[in-house]
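Undergrad: Sequence:
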Amino acid sequence: MERYVRKYGDAVFINELLKNSEQHISTMQQFNASVYETLTKVVDSAEGYLKGEGRRLAEVVERLSTRVPEMEELGLREIRERLETLLRESEIVIEKLRARLEDVKEGRAAHLTLDELFDSVKELNDLWDTAMRLVNFYKRLYSDLSPLFLITA
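Numbering (the working numbering), first residue to last: 163 to 315.
Warning: the hint list may mix true and false statements.
[Said to hold, decoys possible] In silico DSBU-like links for lysine-lysine, alpha-carbon gap of 35 Å or less:
no., residue 1, residue 2
1, Lys-181, Lys-203
2, Lys-181, Lys-267
3, Lys-284, Lys-258
4, Lys-267, Lys-203
5, Lys-213, Lys-284
6, Lys-258, Lys-213
7, Lys-284, Lys-301
8, Lys-301, Lys-258
9, Lys-203, Lys-213
[Stated by the list, open to error] Just the calculated beta-carbon pair ranges, DEER-fashion:
no., residue 1, residue 2, range
10, Arg-229, Lys-258, 25 to 31 Å
11, Thr-292, Thr-200, 30 to 36 Å
12, Ser-305, Glu-235, 19 to 25 Å
13, Met-294, Gly-269, 41 to 47 Å
14, Glu-224, Glu-268, 41 to 47 Å
Because the hints were derived from the structure by calculation, they are not lab data.
Glycine included, C-beta positions come from ideal geometry on N, C-alpha and C.
Sequences are here, hints too, so could you generate the full structure?
TA: Pasting the structure below:
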C-alpha cells in the first residue's frame, strides 16, 4: 500500500510540475506577443516620422537651394547628402528591427535594442536644426536687405 501511495504521490507531483511548465510556456508566448505588438508600434511610428520628416526636410532643402543657390556653399549640400545617407541607413535599421521583432514574436529572442533607431531620429532632428538655422539666416538677410530693394525699385 505504501508503495502505491508513493507512486501516486509522484504522479500528482509530476503533473503539477508539468502544469506549471505549461503555464510558463503560455505566459511566455503571451508576453512575446505583447512585446511584439508594442515594439512594432514604436518601430512603425519611428519609420513614419523618419520618412515623413525626411521628405519634408528634403523639400525645404530643395526649395531653399533653388531660391538661393549660394546656400549650397553654406552647408545646404552637406545637409542634403547627410539626409540621403540617413534615410538609406534608417531603412536598413528598420529592416533589421523588423527581422528581430519576428524573432521576439516567435520566442527565439528575448530582447531588442532601439538605440540605432533613436540615433537616426536624433540625427534627423539635428539636420532639421541645422536647416532651420540656414532658413533663419536667409530670413534675417532678407529682412535686413529688403529696404535696399525698395529704394532701388
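Undergrad: Now look at each hint and say whether the structure bears it out.
TA: Structure-based check of all given hints:
Restraint check: the Cα-Cα separation between Lys-181 and Lys-203 comes to about 33 Å, which is no more than 35 Å; the hinted pair holds. With a C-alpha separation of about 23 Å, the suggested pair Lys-181 and Lys-267 falls inside the 35 Å cut-off, and the hint holds. Pair hint Lys-284 plus Lys-258 holds up; C-alpha atoms about 19 Å apart against a cutoff of 35 Å. A hinted pair counts as satisfied when its Cα atoms are at most 35 Å apart, and Lys-267 with Lys-203 qualifies at roughly 14 Å.
Straight-line distance between C-alpha atoms of Lys-213 and Lys-284 comes to about 14 Å, which keeps the hinted pair within the 35 Å bound. Taken as a hint, the Lys-258 and Lys-213 pair is honoured in the structure, with Cα atoms around 17 Å apart against an allowance of 35 Å. A distance of roughly 25 Å separates the Cα atoms of Lys-284 and Lys-301; the hinted pair therefore holds under the 35 Å criterion. For the hint pairing Lys-301 with Lys-258, the CA-to-CA distance comes to about 41 Å; that exceeds 35 Å, so the pair is violated.
Proposed proximity of Lys-203 and Lys-213 is supported: the alpha carbons are some 15 Å apart, at most 35 Å. The given range of 25 to 31 Å is broken by Arg-229 and Lys-258, whose C-beta atoms sit roughly 38 Å from each other. Distance hint check for Thr-292 and Thr-200: the Cβ-Cβ separation is about 33 Å, which falls inside the suggested range of 30 to 36 Å. Roughly 22 Å separates the CB atoms of Ser-305 and Glu-235, a value that falls within the hinted 19 to 25 Å.
Between Met-294 and Gly-269 the Cβ separation comes to about 45 Å, which falls inside the hinted range of 41 to 47 Å. About 43 Å separates the C-beta atoms of Glu-224 and Glu-268, a value consistent with the hinted range of 41 to 47 Å.
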